[in-house]
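Using the sequences provided together with the hints, build the complete structure.
Chain order of the listed sequences is A and B. By our numbering, the letter at position 120 of the first sequence is numbered 142, and the numbering carries on one by one without gaps. By our numbering, the letter at position 259 of the second sequence is numbered 638, and the numbering carries on one by one without gaps.
Hints were generated in silico from the structure; no laboratory data involved. A couple of the hints might just be wrong.
To be verified - Simulated pairs of lysine to aspartate or glutamate, DMTMM-like, Cα-Cα distance not exceeding 20 Å:
1. Lys48(A) to Glu104(A)
2. Lys121(A) to Glu103(A)
3. Lys594(B) to Glu308(A)
4. Lys594(B) to Glu304(A)
5. Lys75(A) to Asp261(A)
6. Lys669(B) to Glu177(A)
7. Lys357(A) to Asp73(A)
8. Lys188(A) to Glu150(A)
9. Lys594(B) to Asp305(A)
10. Lys188(A) to Asp674(B)
11. Lys669(B) to Asp237(A)
12. Lys357(A) to Glu80(A)
13. Lys534(B) to Asp315(A)
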Amino acid sequence: MTQTANDAETDSGAEPEVLLDVRGLKVHFPIKSGIIFGRVTGYVYAVDGIDLKIRRGETYGLVGESGCGKSTFGRAVLQLEEPTAGEVHFAGKDLASMKGEELRKQRQHMQMVFQDPLGSLDPRQTVEQLLLEGMRAHGLTKNRDSRQRLIDLLEAVGLPRNALSKYPHEFSGGQRQRIGIARALAVDPELIVADEPVSALDVSVQAQVVNLMQDLQKEFGLTYLVIAHDLAVVRHMSDRIGVMYLGALVEESDADDLYGHPLHPYTRALMSAVPVPDPLVEDTREQILLQGDLPSPANPPTGCRFHTRCPWAQATLCDTERPELRELETVETSKGHRVACHYAEQILSGEIQRRT
Amino acid sequence: MTTTTSHASPPAASGSNQPLLEVEDLRVTFGGRKGPQFTAVDGISFSVAPGQTVGLVGESGCGKSVTSLAIMNLLPGRGNKVTGSVRFDGKELLTLGDAAMRDLRGADLAMIFQDPLSSLNPVVPLGVQVSEVLQRHRRMKKPAANKRSEELLGKVGIPDPTRRLNEYPHQLSGGMRQRALIAMALACEPRMLIADEPTTALDVTIQAQILALLKELVEESGTALMMITHDLGVVAGLCDEVNVLYGGRIVERAARHELFATPRHPYTGGLLASIPRLDLPRGGRLNPVKGSVADNIPWDEGCAFAPRCNSVIDVCTQKSPDLAPDEATSDRLLRCHNPLTTDASDSTQEA
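This is how it looks when you write it as structure tokens:
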């Protein structure tokens, strides 16, 4: 949308290089009806206009509830889902316009870690075959001692050497996720998109995998896009966080600032709903209970998409005009804290009170 | 209410009320005969009083769901062995006949399952599924049952209940299905409710709504609630008394404030240290419990948690610890040879 401004920032050089630059990304899925002709009767607006930038070496966390389009966004970034509109610049090149071999070559630099560790590993391949497949596809096995490389990989993710000849079903959930991570690492990527990397795991194992991902980031200089519904996990892992609601970002900020000064009503509600394992906190804190469910992304509300459930919604603007993601000019919030709410200032100052 | 002779109740059981549900030395073993045996629940005892919320917490495979199924008599008839005693209002449930159990289930003793889609019948409209409970247990006529169903759906926060009565489960969102399931469980105003991971499949904002609903229910109608969950955050806000399960046995039992303030069992402490917290400053690493449940040793050889434990000492792999009142805090039951110190809890959480 504001492309010129984006370019200027990229060139300024004061900040670390922007590795991934997504501009106005939209993914709309057609809803078809009829048997033979398949008339398109509408669209599911899964991702509806997202701009975001991820700098090299940082972790960007994307949170939202189920159905908000966060997974579709992650897949669209990697061109696993064809974007309806928008650009995805990866290290300066626009992926959305690439096709075929050119795009396949780029995939070496961006890999994905999936949520379901068993479902995303071929049950008939040994770990060795799983890891070698990607390396072969990108010609990484020709000149190097691939055996040593595999052993290094396993060591990096904390699996024993004899794992190479085993099949996925022989491992526990946490170990499988480690295999998934090793597979992503096998081709020396720069960006890893992790879609709910720990949500299928038990808490004690979850913490092991979170720590592992942080260690690997330091060791290999990786850039992460972590997509998850668990705000506590995302906040722990990320440098910056984007909050998604119905296909769009409603707030974006530094991880610390988001908790310190949540600006968007949805972010506030989300944070107040996350249970804290401390009875003292649980007994005293104020909960903002949202009414109802997420509206259908096939028929999103007009104006601000959150206005149907927003406890702060006003009679004007909210239901008619869609708010832009903008930076507030207050002293409290840090630079780069953006929010898509018409009344963010008034809510922050207490001028507009929450309806109960 | 029939008066029951009070059985040796555990010291940490809070609430002065006569317990409604008493589970004693419950043991569930799968397999056997020729194949290998696996003890999923290994001698669990606890009790729940009216108006009390008791939590069973643990990771997958610790036996928490099997406990609830055994209480409800819902385990398959073959391939398992259930011993011990489950008394509900003085009646022994494990030896109760099928017909008597059916009369009790859904009427006085109800359950909410984790996965609402597979717990609802996909080819029967919602209204029929809710009113069926009323027709069976309250002998209501169809029109009266339908009217009551409508009220129930409205009460659990389903918008436009009249229309929803004729809809099928697939037409509802996950949160609404879970509400419908709660409405079915509440239909006959049960005195005891067992909730097995009722919010795990839901988003946090919906989870908050459901938990508020359960809390209100316990406060208003004095229902006894047994809450089974893996989420310590849910426990912290809801449960009066918490049982931490590991490898089929209770390893620590305490009232929630005491448990979270000073976890004594290394497993409880480890769980708390592995959760990233939203309300604490960021940064630093999590302190996970090492290994996985696959590393467990059998309970009769020592403490099952010993291979994963950070404060393991020699005796842990030689002698099985007993669940005994904790001497240092005297407010809980503990199964550990070398518990965490009472003041170290803060450091484990901050780390």
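Each hint, compared with the structure:
1. For the proposed pair Lys48(A) and Glu104(A), the alpha carbon gap of about 9 Å is at most 20 Å, so the pair holds.
2. For a cut-off of 20 Å, the pair hint linking Lys121(A) to Glu103(A) stands: about 13 Å separates their Cα positions.
3. With a C-alpha separation of about 15 Å, the suggested pairing of Lys594(B) with Glu308(A) holds against the 20 Å cut-off.
4. At roughly 13 Å between alpha-carbon atoms, Lys594(B) and Glu304(A) fall within 20 Å of each other, so this suggested pair holds.
5. Annotation: proposed proximity of Lys75(A) to Asp261(A) holds, straight-line Cα distance about 12 Å (limit 20 Å).
6. Between Lys669(B) and Glu177(A) the CA atoms are separated by roughly 16 Å; this keeps the pair inside 20 Å, and the hint holds.
7. Among the hinted pairs, Lys357(A) with Asp73(A) is consistent with the structure: their alpha-carbon atoms are about 17 Å apart, no more than 20 Å.
8. Proposed proximity of Lys188(A) and Glu150(A) is supported: the alpha carbons are some 8 Å apart, at most 20 Å.
9. Note on Lys594(B) and Asp305(A): the hinted pairing holds, with a Cα-Cα distance of about 12 Å set against a maximum of 20 Å.
10. Note on Lys188(A) and Asp674(B): the hinted pairing holds, with a Cα-Cα distance of about 18 Å set against a maximum of 20 Å.
11. Distance check on the hinted pair: Lys669(B) and Asp237(A) sit about 16 Å apart at the alpha-carbon level, within 20 Å; holds.
12. At most 20 Å may separate the alpha-carbon atoms for a hinted pair to count; Lys357(A) and Glu80(A) meet this at roughly 16 Å.
13. Taking the CA atoms of Lys534(B) and Asp315(A), the gap is about 16 Å. The hint holds against a cut of 20 Å.
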